[in-house]
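Residue numbers (our numbering), protein chains in the order written: chain D, 1 to 140; chain H, 1001 to 1117; chain L, 2001 to 2185.
One should not assume that every hint holds.
What the hints assert, rightly or not - Taking lysine-lysine and the DSS-like style, the derived pairs with C-alpha atoms no more than 27 angstroms apart in a straight line are: (1) H/Lys1032 to L/Lys2082; (2) H/Lys1099 to H/Lys1032; (3) L/Lys2082 to H/Lys1099; (4) D/Lys12 to D/Lys69.
Hint data in this document are derived by calculation from the structure and do not stem from the laboratory.
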Amino acid sequence: MSDHLILRIVGKFLIPYILLFGLYVQFHGDFGPGGGFQAGVIFASAFVIHTLLFGLESAERIAPQWILKIVAASGVLIYALVGVAAMLMGGNYLDYDFLAADPIAGQHIGIILVEFGVGLTVASVMMLLFFTFAGRGEAS
Amino acid sequence: MSGLGVWNYVIIIFLMMIGLYMVMSSSNLVKKLIGLNVFQTSVFFLYISFGYIEGATGPVMQEGASLYSNPLPHVLILTAIVVGVATTAVGLALSVRIKESFGTIEEDELHTMDSSL
Amino acid sequence: MILEQLIDIFLLVFLAIISIAVLRIRDLFTAVMLFGIYSLTSASLFMVLDAADVGFTEAAVGAGISTILMLATISMTGREEKPLKKKGAMLPLAIVVITGATLVYGIMDLPPFGEPDNPVHTHVAPRYIEQSPQEIDVPNFVTAVLASYRGYDTLGEVVVIFTAGVGVMLLIGRRRKRKEGISNE
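Based on the sequences and whatever the hints tell you, model everything.
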């Protein structure tokens, strides 16, 4: 791709906006269409574009695989721990009413935390999937 | 009856059957996975069609709207899409491994290799 | 409202044409790109059917990630598919025709498309739509149901994605280390 100057420049220009849009979708999911699943995939797609334009090594310097593995696991953990926190505060597993004094505020906190966990896991797993396939292709 | 009646569903069944035929008749594993995805998407259409209400708005609360389309199928299908890409990725990874071990991903060639072992 | 349903039928027929093209084409690269178009068209269909969240996801996942993973795969496995053998092509066709006929027979009893008093709209969904403003106070019902009412489902979903990532890394993630001679499996 190194000789496609226009693609590289336009792609470089697009990447920050894609990342920003991913964050918007993540945190605006309560009010409009969106949420952790979509945001994670959009966030990962920015890294896919980066890999296509600048090569796998450059992308793996920004997002090393060992960090992605930790992030993927911690997303699941955040989700599960929100449930445990609700249990410790006197409710049932994943019953967000007990996370704050006011049940509605508790629900909001719970939903934002859970969606954040979903977003982390989906984004990092999608990036890992793509890096794994691309790495296999370069190696063979 | 002003609406489409069941014609919407008939076309969805047609799509579903194309996906099934693709899975059964093609011998290439990647093509089979594409067929599986076509089949899967048609199931999504079926669910989302059940949730659709004529004249309703999308399931986001807004002033002045009283009729919302059914959010439940949307939730189920939203998660099913992401699980679908996860299974597709595992299937593709398996076909890459099969290609590396056997040198082909055509099913009938794999069968002949398997019986000659 | 009749316009929405016309667009719905138009998009569905378009999807059927694309999928027949995917079925007939032997060049896998073209087939994968056509499948990307198929996913994008289905995202528009979801939007027409008032499912914005689903359309969003399908556009990002189906047209984005799935397509690029398939492209990465065919770059390793080759882009040509062997032509179909004439012998033995009748059995899948027969199975498909019989299954399709059975399903169409079953579909004839479904309530008409898009009526507000269909049985599917009378039970659980109204409870969510009426109670979630008081209980959860999140404008997007899909988020409320996804993250709160059906939190267990979503937890399972996230674990499935995580497991898929682990599975793919176990299957094809090791090549480089072995090349450097650090370990031989």
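Hint check:
1. The suggested pairing of H/Lys1032 with L/Lys2082 holds, with an alpha-carbon distance near 13 angstroms, which does not exceed 27 angstroms.
2. At roughly 15 angstroms between alpha-carbon atoms, H/Lys1099 and H/Lys1032 fall within 27 angstroms of each other, so this suggested pair holds.
3. Distance restraint check for L/Lys2082 and H/Lys1099: the Cα-Cα separation of roughly 15 angstroms lies within the 27 angstroms cut-off, and the hinted pair is therefore satisfied.
4. For the proposed pair D/Lys12 and D/Lys69, the alpha carbon gap of about 26 angstroms is at most 27 angstroms, so the pair holds.
Of the hints listed earlier, there is not a single one the structure fails to meet.
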